[in-house]
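Since the structure of chain A is provided, determine the placement of chain B on it from the hints.
Residue numbers (this note's numbering), protein chains in the order written: chain A, 1 to 463; chain B, 1 to 295.
Because the hints were derived from the structure by calculation, they are not lab data. Beta carbons: idealized from backbone N, C-alpha and C, even for Gly. Hints are supplied without guarantee of correctness; some may be wrong.
Dumping the calculated EDC-like pairs for lysine to aspartate or glutamate here, alpha-carbon to alpha-carbon at most 16 angstroms [as the list claims (entries may be wrong)]:
#	chain 1	residue 1	chain 2	residue 2
1	B	K98	A	E240
2	B	K128	A	E240
3	B	K98	B	E70
Simulated DEER-style distance windows between Cβ atoms [what the hints assert, rightly or not]:
#	chain 1	residue 1	chain 2	residue 2	range
4	A	T455	B	D25	23 to 31 angstroms
5	B	T121	A	F285	44 to 52 angstroms
6	A	D251	B	A162	33 to 41 angstroms
7	A	I3	B	R251	41 to 49 angstroms
Computed footprint of chain A on chain B; a stretch qualifies when at least three of its residues, placed anywhere within it, have a C-beta under 8 angstroms from a C-beta of chain A [as the list claims (entries may be wrong)]:
#	stretch
8	53–67
9	93–102
10	105–117
11	251–263
Spelled out from the first residue to the last, the chains are:
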Amino acid sequence: MSILTVNLKHLYQRRGFWLVYVILGLFAFAGIAVLFKGPEAGQGRFTGFVVLAPVVGLLLAVLPIEVLSKPFSYCLPGHRKVPRRFVFCVGIVFNLFGSLLFFVYPYLNAGQLVLVVCSAFFAGLISYLLVAGLAFGVRNSVAFIGLLPLIIVAGQFFDLHTVIEGVIVGNPLVVILVGVLSSVLAWLWLGDARLARRYCGVPGIGSLDAWNRDKMQKYRQVRLAKKWDKLKKHPSPWVETFFLGRMNRYDYVSTGRYIWGGLYTAFGIALSQLSQWKEAFSGVFLALVLVCFLGYMGPGRNILFIMPGFIIAQMRLPVYSSMLISGGRNERYRGAMTLVITTAVLITVLVTIVAALSLPLAAIMPDITLRGRTFAFYAMNIELFFIPLLMIPIVFTIQLIFYRKPIFMMLLIMLLFMLLFWHEQFGAVINPMYIVSPVVLSWVLFLLVLRYVCTRRSLVGQG
Amino acid sequence: MNSENPIVQMRKVCKRFGNIKALDDIDLEIHPGRIIGLLGANGAGKSTLLRHIIGLYKEDEGECVTFGREAGKLGPKELGRIGYVHQEGELLDWMTVKQLIRYVSTYYPNWNRELEEKYVTDYEISTKARVGSLSPGQRQRLAILLAIGFEPELLILDEPAAALDPVARARFLDLLLQIIQAENRTIIISSHILSDVEKVIDHAVIMKEGRILLDCSFDELRERFSRVRISALGGELPVELPFENVVHCKRSDGQAILTVQDCPREKLQEQAKSLNCWVEIEALPLEEIYKIVVS
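Looking at chain B on its own, in the form it has when it is part of the complex:
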């Protein structure tokens, strides 16, 4: 997959807002067909990074190229391949939902009416309502529809599920999984709801204070971090446990729970054999991996 030309290339990108360094020396390549989770705390630079990709921000230093063109110079040809759901929720409030859909669809030759109708029905969007009178959740659903209606090659989702209720969130994830079925569709999703993100992503980028701390495939990430549960079969656990690269250890009453980094599962199993204990090794959920990486 990586042999293909990247659709987004960021090289040494820096961006400042006054005294704040929003992006610091960012190097990133996004290849087609990937579902990337962009993770980080508030103010980590996620939205800034996404806005550089579509040319809404211009980098102070470095270079950002999207679909082979400098992001700041993207035109209708390239932007017609990018869908973007943004945090601000800016829409044309005076229009009816139907009007807004018609207006936005006028810009895209490949607008999928079937998908639109299906989405409107599934998500119970009232097309007669004025956009300004929609609830935050309904607005978000509409924003998602406007971003996916033309089946973009690159879909950028900046906190897309923040305003959705649990049922709508679950439906949204299903929708993402459907979108993913299409070949070479690339999705970048920035969200704080990591339990949702981990269901769909195959690549993770973790940011902190404007820098990328980690950029790797999700499988690799899950390989790197494991949780080892040890229970003594009789008596006490040894004082010294034979594991390397332990990030966190919690012991109580003949039991221990270890979080281990950069230690292959086979090696862990081998080390566990030397103990006269019941050992269980499992992958860490994304939320915990994230906490370890940023701490």
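Just chain A, with the same shape it has in the complex:
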């Protein structure tokens, strides 16, 4: 079996990718199905696969990078150049398949059709290689996947698919020429021995690691540690003084000591960061940008209340930990409970403040007209402040149950997100009973699950 075959096997051996294939499959199906509406020219209906190619490039190029980062693969003979073959192999097959759609392009003779199909193939390959190259060039590029919704919205808004189709059909020879040139360049660049050296033994974020909380947290902490090491001074001594001071107020066997210890380990890193003016300023700036962006999103602006759910899914409760301090299961239970309550209150207050910020902004923000469409700024519906209070315990419940199965955790949290986002009555649930009952229920459920985990389940390893 060739080295390339072994590497290609990762495509089906990584079970997390099966979900990616389902999602990509749905998009591909939509790309084909749209042709059945009528293969009309000039409407961007043929470019489904070309548009999908960069996504495939980003997700799948990370796979050989992961292999490359394992020191053993650096030493294996003939292994260093396999990523290049892997990237090209996947790209050629995918774009070959995608370009076939252009065979039903109307109003073209056989010769023109062949030319347009070749053009479509190279157009897809260019975008695929561009993003795959980016994946190799920029460390932890998989994080760009977070920008995908934004790119989709922007692409739709600017009719990017129609523009791409126009270029493919209108200038096939140019596209083919650029495609060949970029393929040669990518082939040479991906074969550069420096790439292998650059990635060997360097920890990074893998394709599906965004949902592996432990790996992400570890990566973040190590990155921060290295950054702070360079500063050569303690970034925020008051954080330690504050929390250790609070801990010392309690007796050694008192739960209070463990509760403050849990808060310290959970918030210490964030507080240390935020107490540096640069980080704090970036935080405020980002919040303002977010408010401005969401304000123009119409009904979707209330997504603000759901977003914290995703952020806290990355948080770690002081339940599953092998670092032994003198706290037992009961202390872990109380510590985790306090941490979740504190988090929920903090996030609810923070989100409410951000939403409140949008109220005065609504009076001063101008309407924006783009491509004939006018976007007005609307304030967030502050009455939805309870959503984080509802969502946070549910997210933590899912996290507790599926601690060792991040893929299930991801699916369930996404499902919850979609349920809340697409709730038709999203804006009309402001009935006190309708609010209180699910909030109370979600908290009761969380506390029951937390209690069960802390008293009955294994707190480390595989159990």
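Below, chain B without anything else, positioned relative to chain A:
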């Protein structure tokens, strides 16, 4: 020593992870003052057993009692007497070493600052460095410090020397020997580096596939297994050698090396006299005893 109440008592403990039986009917008593070597191949159940002792795992069946309390219900009082160095190496990476030491020491009233300073100096731990930027060996040293800093009565070491270089390992063994000096200090050490383990332990527990194959004092163990080297003084060795319970025999050119089990040394010497040969009897190293027991 055995007359004292055991600090750990496991009775008929079973633990399953899906289809895998990680612990199978474990009966074990750990008495104070012992240095126990917990030996076994990967997946034998050593870490699972240790995690039951401190309550990180709950048994499916049976009972595990530590310091007189059900392990799953251990609180700060009991856990404050247990130090644990674990395989995962989980630490708070964003803190500096100094911060982490201060944080952990806040949980223990009897944290020994002198010991901490001595250890930091001896082991060349940089207290200003971030934990996340430490090498695996430095992390391991730090984990050891955090586990011994409060002078625990029960010290559980799960593969403590795996990431240490030979010099650090030797220092670590010296440290263990110092710790052992303290009266009634109990140490459970699980390690694959048997040559290290045998320098410090006085009791051995050998596990295989979730079961305890052997649980006895190290002296008894060394008594049970011997190596007999026989060299013919003139001519050939007899075809039949007069030894019983021979586990392994290797013969070549008038020489034979036998591994004998459950045969007292006096008896071996007596049997050797009947041969017109030069006979040498020696104790087996732990590594070889282990191989015999698990095979």
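Each hint tested on the structure:
no. : hint                                   : verdict
1   : K98(B) to E240(A)                      : holds, 11 angstroms
2   : K128(B) to E240(A)                     : holds, 15 angstroms
3   : K98(B) to E70(B)                       : violated, 34 angstroms
4   : T455(A) to D25(B): 23 to 31 angstroms  : holds, 24 angstroms
5   : T121(B) to F285(A): 44 to 52 angstroms : holds, 46 angstroms
6   : D251(A) to A162(B): 33 to 41 angstroms : holds, 37 angstroms
7   : I3(A) to R251(B): 41 to 49 angstroms   : holds, 48 angstroms
8   : 53–67                                  : holds (count 5)
9   : 93–102                                 : holds (count 6)
10  : 105–117                                : holds (count 4)
11  : 251–263                                : violated (count 0)
Figure legend: structure checked against the earlier numbered hints; hints not met, in rising order: 3 and 11.
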